[in-house]
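2 protein chains.
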Amino acid sequence: MTKPTVTAAVLMIGDEILSGRTKDRNLGYIAEYLGRIGIDVREARVVPDVEDEIVAAVNALRARYDYLITTGGIGPTHDDITADSIGRAFGVAVGEDPRAIAIMLERYATADLTPARRRMARIPEGADLIENPISRAPGFRIGNVYVLAGVPAVMQAMLDFAVKSMKTGAVMLVETIAAGSLPEGQYGEPLAAIAAAHPNVAIGSYPSFRDGRFNNQIVVRGKDAEAVAAARRAVEAMVAELSGDAVAR
Amino acid sequence: MTKPTVTAAVLMIGDEILSGRTKDRNLGYIAEYLGRIGIDVREARVVPDVEDEIVAAVNALRARYDYLITTGGIGPTHDDITADSIGRAFGVAVGEDPRAIAIMLERYATADLTPARRRMARIPEGADLIENPISRAPGFRIGNVYVLAGVPAVMQAMLDFAVKSMKTGAVMLVETIAAGSLPEGQYGEPLAAIAAAHPNVAIGSYPSFRDGRFNNQIVVRGKDAEAVAAARRAVEAMVAELSGDAVAR
Numbered sequence: 023m024t025k026p027t028v029t030a031a032v033l034m035i036g037d038e039i040l041s042g043r044t045k046d047r048n049l050g051y052i053a054e055y056l057g058r059i060g061i062d063v064r065e066a067r068v069v070p071d072v073e074d075e076i077v078a079a080v081n082a083l084r085a086r087y088d089y090l091i092t093t094g095g096i097g098p099t100h101d102d103i104t105a106d107s108i109g110r111a112f113g114v115a116v117g118e119d120p121r122a123i124a125i126m127l128e129r130y131a132t133a134d135l136t137p138a139r140r141r142m143a144r145i146p147e148g149a150d151l152i153e154n155p156i157s158r159a160p161g162f163r164i165g166n167v168y169v170l171a172g173v174p175a176v177m178q179a180m181l182d183f184a185v186k187s188m189k190t191g192a193v194m195l196v197e198t199i200a201a202g203s204l205p206e207g208q209y210g211e212p213l214a215a216i217a218a219a220h221p222n223v224a225i226g227s228y229p230s231f232r233d234g235r236f237n238n239q240i241v242v243r244g245k246d247a248e249a250v251a252a253a254r255r256a257v258e259a260m261v262a263e264l265s266g267d268a269v270a271r
Numbered sequence: 023m024t025k026p027t028v029t030a031a032v033l034m035i036g037d038e039i040l041s042g043r044t045k046d047r048n049l050g051y052i053a054e055y056l057g058r059i060g061i062d063v064r065e066a067r068v069v070p071d072v073e074d075e076i077v078a079a080v081n082a083l084r085a086r087y088d089y090l091i092t093t094g095g096i097g098p099t100h101d102d103i104t105a106d107s108i109g110r111a112f113g114v115a116v117g118e119d120p121r122a123i124a125i126m127l128e129r130y131a132t133a134d135l136t137p138a139r140r141r142m143a144r145i146p147e148g149a150d151l152i153e154n155p156i157s158r159a160p161g162f163r164i165g166n167v168y169v170l171a172g173v174p175a176v177m178q179a180m181l182d183f184a185v186k187s188m189k190t191g192a193v194m195l196v197e198t199i200a201a202g203s204l205p206e207g208q209y210g211e212p213l214a215a216i217a218a219a220h221p222n223v224a225i226g227s228y229p230s231f232r233d234g235r236f237n238n239q240i241v242v243r244g245k246d247a248e249a250v251a252a253a254r255r256a257v258e259a260m261v262a263e264l265s266g267d268a269v270a271r
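Protein chains in written order, with the working numbering: chain A, 23 to 271; chain B, 23 to 271.
Just so you know, the hints here were simulated from the structure itself, not pulled from any lab data. Be aware that one or more of the hints could be misleading.
A pair counts as met if it fits within one copy or between any two copies, since identical chains are not told apart.
Simulated pairs of lysine-lysine, DSS-like, Cα-Cα distance not exceeding 30 Å [unchecked claim]:
hint, residue 1, residue 2
1, Lys186, Lys245
2, Lys45, Lys186
3, Lys189, Lys245
4, Lys25, Lys245
5, Lys45, Lys25
6, Lys25, Lys189
7, Lys25, Lys186
Generate the whole structure from the sequences, applying the supplied hints.
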C-alpha cells in the first residue's frame with residue numbers, strides 16, 4: 023500500500039524580505055523539515071505587510087494545498103497584521119484569546135501585559151494555539167493554515183509543535199550523484215534519455231559556480247525506492263562512462 | 023516633480039528550492055539591487071519545474087507589476103523548461119535563435135555545440151538577449167519579463183545587463199534605528215502612534231533572536247526624504263525616552 027502524497031505551501035509575510043533587508047532563512051528550513059516527514063512543499067510566496075495581499079495569497083494557497091504555513095507578522099507592533107488578515111481570509115472574528123492571555127501571563131506580570139503585548143493574544147475565532155517555548159506568545163492553526171513567527175528560532179520551535187497535527191505521506195527519497203566538472207552540455211542528452219526511461223522519478227541537474235568553475239550535481243527524487251535506485255544506477259553509469267572511468271577501469 | 027513608483031516581482035523556478043536542497047540566495051540580492059536603483063520588489067514566488075505552474079505564475083505576475091524577473095531553468099538539461107514555459111505564457115513560438123548560437127560559438131567549437139547546449143539557444147520569438155559574461159549562454163527579455171539564470175554568479179552578471187533597459191523610479195529611503203534589547207512589547211504602542219502620525223512612510227519593527235536574547239531594530243522606509251527624516255527623529259526620541267536616556271542626560 024503506497025502512502026498518499028501530502029502537499030504544502032509556504033507564505034512568507036514581510037516587507038523586510040521583499041526589500042532584501044532580511045534574507046529569508048525560513049523557506050529552506052521548512053522545506054527540508056516537511057520533506058523529511060513526508061510533506062512536499064510545492065509553492066512558496068513572499069508578500070508585503072499589506073492586508074489585501076496577505077488575504078489573497080492565503081486564500082489562493084490554502085485552497086490548493088493540504089497545508090499552508092505562514093511566517094511573520096504575529097508580533098506586538100502595528101506592522102504585525104497577520105492575525106487580522108487570516109481572520110479576514112477565513113471570514114471569522116479576531117479577538118483577544120483568553121488561552122493566549124493565560125500563556126502570556128506565565129511570562130509577563132499583569133502590569134507588563136501592555137496593549138502592544140496584548141495584540142499578540144489576538145487570535146481568529148476557532149483557531150487552535152501553537153506553542154512557543156521561546157517567547158511564549160503563541161502561533162495558531164485555523165483550518166489547514168499554520169501561522170508561525172518570522173524570527174527563525176521561534177518559527178523552528180513552533181514548527182516542532184505544529185507538525186504534530188499534520189498528516190504525513192510518503193517521504194521523498196533523494197539521491198545525489200556528483201558529476202563534478204563534467205559539463206551539463208555533455209551529459210544533457212543522455213540524462214534526458216534516462217529521465218524519459220524512468221518516469222516515476224524526477225531528475226534534476228544542478229550546477230554551482232565557484233572560483234571560476236562549474237561543479238555539477240545530478241539529483242534523483244522519487245517516492246518508490248526501487249525506481250529511485252534504478253535511476254541512480256543509470257545516472258552513475260552515465261557519469262562514469264562520460265568521465266572515462268568506465269574505460270580506465 | 024516626484025518620480026513615479028516602479029514595481030517588480032521575482033519568480034524563482036526550481037524544484038531544488040522547494041525541496042530545501044538549494045537555499046535561495048537570489049531574492050535578497052535582486053531585491054536590494056533593484057531597491058537601490060528605484061524599483062520596488064512587491065512580491066516573490068517559488069514554483070517547481072512544472073510548465074503549467076511556471077506559465078500561470080508568469081502570467082499572474084507580469085500583468086501586475088512593471089517588471090518580472092525570473093531565475094532558473096535556462097540550462098542545457100531536460101529539466102530546464104523556462105524558455106518553453108515563457109513562450110507558452112506569451113503565446114509565441116520558441117526556436118533556436120541564430121544570435122544565441124553565434125554567441126555560444128564564441129565559447130564552444132561547432133563540434134562541441136551538443137544538442138544539449140543548443141537547447142540553451144532556444145529563445146521565444148521576439149525576445150531580446152541578455153548577455154552572460156560568465157558562461158555565454160544568454161538570458162532573454164520578452165515584454166516586461168526578464169529571464170535570468172539560477173546560479174547566483176551568472177544571475178548577478180545578467181542582472182547588471184538587464185537593468186540597463188529598465189525604467190527606474192524614486193529610490194526607497196531606509197533609516198534603521200537600533201532599539202537593542204528594548205522590548206517590542208514596550209514600544210509597540212508609541213511606535214503605532216508615530217506610524218499613524220507619519221502616513222507617508224512605512225515603519226517596521228524587526229526582532230532578531232540570538233544567544234537567548236532579542237535584539238530589535240526599527241526601520242523607517244519612504245520616498246520623501248523629509249518625511250523619512252521626521253519619522254526617524256520621532257522614533258529615535260521614543261527609543262531614547264523609553265531607554266531612560268532622556269532622563270539620564
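### Message
Cα distance capped at 30 Å. Does Lys45 pair with Lys25 within a copy, between copies, both, or neither?
### Response
between (35 Å within a copy, 28 Å between copies)
### Message
I want to check one pair: Lys189 and Lys245. Are their C-alpha atoms no more than 30 Å apart within a copy, between two copies, both, or neither?
### Response
Only inside one copy: Lys189 and Lys245 sit 17 Å apart there, 46 Å across copies, limit 30 Å.
### Task
With 30 Å as the alpha-carbon cut-off, assign the pair Lys186 and Lys245 to within, between, both or neither.
within (22 Å within a copy, 45 Å between copies)
### Message
If the cut is 30 Å between Cα atoms, do Lys25 and Lys245 qualify within a copy, between copies, both or neither?
### Response
Answer is within: at 9 Å inside a copy they meet the 30 Å cutoff, but 53 Å across does not.
### Query
At most 30 Å between C-alpha atoms: does Lys45 with Lys186 qualify within a copy, between copies, both, or neither?
both (28 Å within a copy, 25 Å between copies)
### Message
Cα distance capped at 30 Å. Does Lys25 pair with Lys186 within a copy, between copies, both, or neither?
### Response
Only inside one copy: Lys25 and Lys186 sit 18 Å apart there, 51 Å across copies, limit 30 Å.
### Message
Reference check for the pair Lys25 and Lys189, CA-CA at most 30 Å: within, between, both, or neither?
### Response
within (11 Å within a copy, 51 Å between copies)
Figure legend: structure checked against the earlier numbered hints; every hint is met.
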